[in-house]
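*Asks:* Given chain L, put chains R and U in place with the hints provided.
Here's the letter readout for the chains.
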Amino acid sequence: MKLRKNLFMLPYLFWLLLFVILPLILIVVQSLIGTDGQLTLANFVSFFTSGTYLSMTVNSFIYALIVTVITLVISYPVAYILTKLKHSQFFLLLIILPTWINVLLKAYAFIGLFSQSGWINQFLGIFGIGPTQLLFTDFAFIFVASYIEIPFMILPIFNSLKTINGEYIHAANDLGATRFQTFTKVIWPLSLDGVKSGIQSIFIPTLSLFMITRLIGGNRVITLGTAIEQHFLTTMNWGMGSTIGVILMIIMIASMKLTNGSK
Amino acid sequence: MKKKSKFELIYLTLVMIVLYFPIFYLIYFSFSSGDSMSYFESFTFDHYQALLNDPRLIRIVLDTILLALLASLFATMIGTLGALYIHQVKKKSVRNSLLSLNNILLVSPDVIIGASFLILFTFAGFSLGFYSVLLSHIAFCVPIVVLMILPKLKEINPTLIDAAYDLGASKYKVLSAIILPLITPGILSGFFMALTYSLDDFAVTFFLTGQGFTTLSVEIFSRARRGISLEINALSTLMFLFSLLLVIGYYFLSRYNQNRKINNQKKKVTK
Amino acid sequence: MKKLALLSGVILFFCLLLGLGSSALNETPKESGKVLNLYNWGDYIDPSLISEFESETGYHVVYETFDSNESMYTKLKQGSNHYDLTIPSDYMVEKMKNDGLVQPIDKSKLNFLNEMDSSIMGLSYDSQNNYSIPYFYGTLGIVYNDQYVDGAKLQSFTDLWRVDYRHSMMLVDSARDVIGLSLISDGHSLNTTDNSLLKQAKEKLDKLAPNVKAIVADEMKMYMIQNEAAIGVTWSGEAAEMLKNNEHLHYVIPKEGSNLWVDNFVIPKSAQHSDAAYAFMNFMMRPENAAKNSVYLGYSTPNVLAKQELEKTQDPVLAFYPTADQMKHLEVFEDLGQDAVQTYNDLFLEFKMYRN
Chain L
1 MKLRKNLFML PYLFWLLLFV ILPLILIVVQ SLIGTDGQLT LANFVSFFTS
51 GTYLSMTVNS FIYALIVTVI TLVISYPVAY ILTKLKHSQF FLLLIILPTW
101 INVLLKAYAF IGLFSQSGWI NQFLGIFGIG PTQLLFTDFA FIFVASYIEI
151 PFMILPIFNS LKTINGEYIH AANDLGATRF QTFTKVIWPL SLDGVKSGIQ
201 SIFIPTLSLF MITRLIGGNR VITLGTAIEQ HFLTTMNWGM GSTIGVILMI
251 IMIASMKLTN GSK
Chain R
1001 MKKKSKFELI YLTLVMIVLY FPIFYLIYFS FSSGDSMSYF ESFTFDHYQA
1051 LLNDPRLIRI VLDTILLALL ASLFATMIGT LGALYIHQVK KKSVRNSLLS
1101 LNNILLVSPD VIIGASFLIL FTFAGFSLGF YSVLLSHIAF CVPIVVLMIL
1151 PKLKEINPTL IDAAYDLGAS KYKVLSAIIL PLITPGILSG FFMALTYSLD
1201 DFAVTFFLTG QGFTTLSVEI FSRARRGISL EINALSTLMF LFSLLLVIGY
1251 YFLSRYNQNR KINNQKKKVT K
Chain U
2001 MKKLALLSGV ILFFCLLLGL GSSALNETPK ESGKVLNLYN WGDYIDPSLI
2051 SEFESETGYH VVYETFDSNE SMYTKLKQGS NHYDLTIPSD YMVEKMKNDG
2101 LVQPIDKSKL NFLNEMDSSI MGLSYDSQNN YSIPYFYGTL GIVYNDQYVD
2151 GAKLQSFTDL WRVDYRHSMM LVDSARDVIG LSLISDGHSL NTTDNSLLKQ
2201 AKEKLDKLAP NVKAIVADEM KMYMIQNEAA IGVTWSGEAA EMLKNNEHLH
2251 YVIPKEGSNL WVDNFVIPKS AQHSDAAYAF MNFMMRPENA AKNSVYLGYS
2301 TPNVLAKQEL EKTQDPVLAF YPTADQMKHL EVFEDLGQDA VQTYNDLFLE
2351 FKMYRN
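Residue numbers (our numbering), protein chains in the order written: chain L, 1 to 263; chain R, 1001 to 1271; chain U, 2001 to 2356.
Honestly, the hints are just simulated from the structure, not real lab data. Keep in mind that a hint or two might mislead.
Unchecked claim - Short, incomplete list of chain U residues facing chain R, as computed with Cβ under 8 Å:
#1 2008
#2 2010
#3 2011
#4 2013
#5 2014
#6 2025
#7 2026
#8 2042
#9 2078
#10 2081
#11 2218
#12 2222
We treat Cβ as the ideally placed atom computed from N, Cα and C, and that holds for glycine.
One chain only, chain L, in its complex shape (with noise of 0.2 Å):
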């Protein structure tokens, strides 16, 4: 018995030492490996000496907060009045549909709208606000950035308000707590598990996007994830490629535990 249980797990055990633990143990070593093929830890050592890569890593920290903050307060009442939906799992996928669509097709809907003949700029002019820039700014990677992001926060934080017992909000109602009560002392905790796992999908793969920075910061905002796609994909230096990347991957583990370990 003890055997078959076992064998059923074996795909996915398989799945995480091949695609999970043998990737990481190479990008480990890679990240090793200087440009002369010998096992140094100069890339780590350049890392953390050069100015540059250091304010990279704490703006591209910066961007990734407010992108997560603001992602989750528009994502958390969205979730929240899905659950009210007669039909919330339709409304739900309304709101994953989106994502189907190309990510760089709507980033080049997004140059349309935002560019100083576009119809942000034309709706504007409405009001005597003379073409402004918005392409290239802050602004622009922000409210792109949340854009792609708020989907898939919304779906953790739906799933765990879904499974709220109804019968505590109505429990919290009797002994005369009141709406915010309610909220703040039954929803938010009990919701708190799809809040996490929500920022947890959103704040690394924000650390770590790339095409939109071009597209939409116009380089002018670069992020870790830019830094490493230059290094594999631009200079071929896969070694200081995977430095940044095991550096995020640290990041990533302390998130995590720093997340779960609230509890």
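*Replies:* For chains R and U alone, kept in the frame of chain L given last:
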């Protein structure tokens, strides 16, 4: 539950409008006779005509959907087994480290996943093409499936399962008659998320595709050199309408099922 | 359980249909050897020439694209593919040659070599053209919009630093080109590897930062056509495409000199149909075809007879051909080796992150 207020509906509508605005922008320009998305010239179906006369592009679309469906199907299978496995691990520390490992691919930058898989496939002497892309898509879709199913497993009341065993049900029976039906919503949303990830992916495919195989996002990327042609807009419009139809079909199906359930209950009551 | 199994069955059946549909649309003949696997830049050939080639010779062209020299190199280096012909730039030819990824070219099979422009042949990256034959060449230059900028005041890279161009220009997202323009403006070589000179060039670039609106790639065409920026630093063929779509735009090859780049035909080691590759080169470099291709793309053809043909009809594409005098000031990139490339990229990254 509480009543929904007007304010809430307005907010939801507003978010929906923002989410769909760029897509409607793309659709709008698919009917423009110009060749870029800056000025709408005059109304035309030319781009749709061009699309129908482009067998290469149609083939890429079919390949992309085929890849996404296969990858999500296999990822859902592996992910379901994985969620069951993680759920039954009793030791908290083992469980947490399993979860962390599971999540690594989910939060790693695509470029890193692509590059590390490229090293892996090169190392293993696996040739690049459809199968390497398929394997990698299965690989990065598994974790999201696991994450979608685990909460549903947590919801299951353990006394239910104990009761089943007490009544002499076999392990297989418990799984197929009790656990699987209860986690089906999780499995389905896992499948849809996997589909989303696979259709959306550019970077991993970019690294792992070889001679003779490409997906829509990679094709769009290489066409972008000249500014994306409106033929791609036409294509996106068709794909969007198709998925919208699927979603609406799902809506009516679920409404039908719900009505039937309610009717059945009514019948029972009247009996 | 049953429901899930049924659902999986339906999906698999659907996959089968998709697979059948896809293979029905596959045009590649499976058995015959009359195939040319061409690995080229996206949109870097007049498509009508491919169909002409196919109907004339009976070869079937399988056209696949890459977006940068580096991604093409990565794919070829990885192996497990068999491209018959690909088109790297100058410095990449040198790198591929050194890494043994290309095979020598049998010049006796080419019938157009005596028609080639001698100033484009025998350049430093492949001094005997044993491995590479030029396909197109071009320059790096400045595009400006005469609605916002007085062209007489913008004739050199140095002029880019003028204070009245604040927040009005776009640069190409390419480390060597951007650092290169700073080096040129100070009279240094594009192939400088001296660290202190490079640092100096980067510091000079930081002073350019207030003028720079964005650092972009292929999107620049679209932006310049839509009047999003007044000035753009870009390659000649890209500029040709912009000028075609916006009459206010003009192209300048800077006074102090610039980069001359050459994209070349090379035959990868793993090629399986080299006969097709030679037939294709002969076809593409035939004067009338080379001229047609040049008009379509806006880049300059190294075939002298083709150029003469363009001169006969006074084709506007000639505006993008550097004059003999300008040629003297142009410099070709060399492969600088991993360390120097690293320095260039780090400095460029620093420049991109520089904010004021």
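*Asks:* Indicate, hint by hint, whether the structure satisfies it.
*Replies:* We went through each hint and held it up to the structure:
| no. | hint | in the structure |
| --- | --- | --- |
| 1 | 2008 | 6 Å, holds |
| 2 | 2010 | 10 Å, violated |
| 3 | 2011 | 5 Å, holds |
| 4 | 2013 | 11 Å, violated |
| 5 | 2014 | 7 Å, holds |
| 6 | 2025 | 4 Å, holds |
| 7 | 2026 | 7 Å, holds |
| 8 | 2042 | 4 Å, holds |
| 9 | 2078 | 6 Å, holds |
| 10 | 2081 | 4 Å, holds |
| 11 | 2218 | 5 Å, holds |
| 12 | 2222 | 5 Å, holds |
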